[in-house]
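Its first residue numbered 10, the sequence shown is counted upward by one per residue in my numbering.
Calculated directly from the structure, the hints in this document are not laboratory data. Computed from a prediction, not measured in an experiment: that's the story for all the values here. Accuracy of the hints is not assured; some may be wrong.
What follows is a set of in silico ranges between Cβ atoms, one per label pair, in the way DEER data are often shown [claimed, not checked]:
id : residue 1 : residue 2 : range
1  : Met35     : Arg65     : 17 to 27 Å
2  : Pro57     : Val33     : 18 to 28 Å
3  : Met52     : Ala16     : 35 to 45 Å
4  : Arg47     : Ile12     : 34 to 44 Å
5  : Tyr46     : Ala67     : 34 to 44 Å
Even for Gly, the Cβ is constructed at its ideal location relative to N, Cα and C.
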Amino acid sequence: SNIMSEAYRRGVYDLRVDTHAQNVIMQHAITGMGFEYRGIVYMDEPVPERNAYEVRLAH
């Protein structure tokens, strides 16, 4: 993607995304881009749990 290419160009080789467990469309999109599930992170919000994903860009 353009965002991943720009991150790589700027020397960023590790990207993370979090989303609600119910947001299946987002989870499908990011896993299709190579992100892997890493666990749960907690936010200071009414529904605190988020699924965390990460992709490491080769360098």
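Checked hints:
1. The beta-carbon spacing between Met35 and Arg65, approximately 20 Å, falls within the hinted interval of 17 to 27 Å.
2. Checked against the given bound of 18 to 28 Å, the beta carbons of Pro57 and Val33, roughly 19 Å apart, stay inside it.
3. About 23 Å separates the C-beta atoms of Met52 and Ala16, a value inconsistent with the hinted range of 35 to 45 Å.
4. Between Arg47 and Ile12 the Cβ separation comes to about 19 Å, which falls outside the hinted range of 34 to 44 Å.
5. Checked against the hint of 34 to 44 Å, the pair Tyr46 and Ala67 fails, with Cβ atoms roughly 20 Å apart.
Of the numbered hints given earlier, the model fails hints 3, 4, 5; all others are met.
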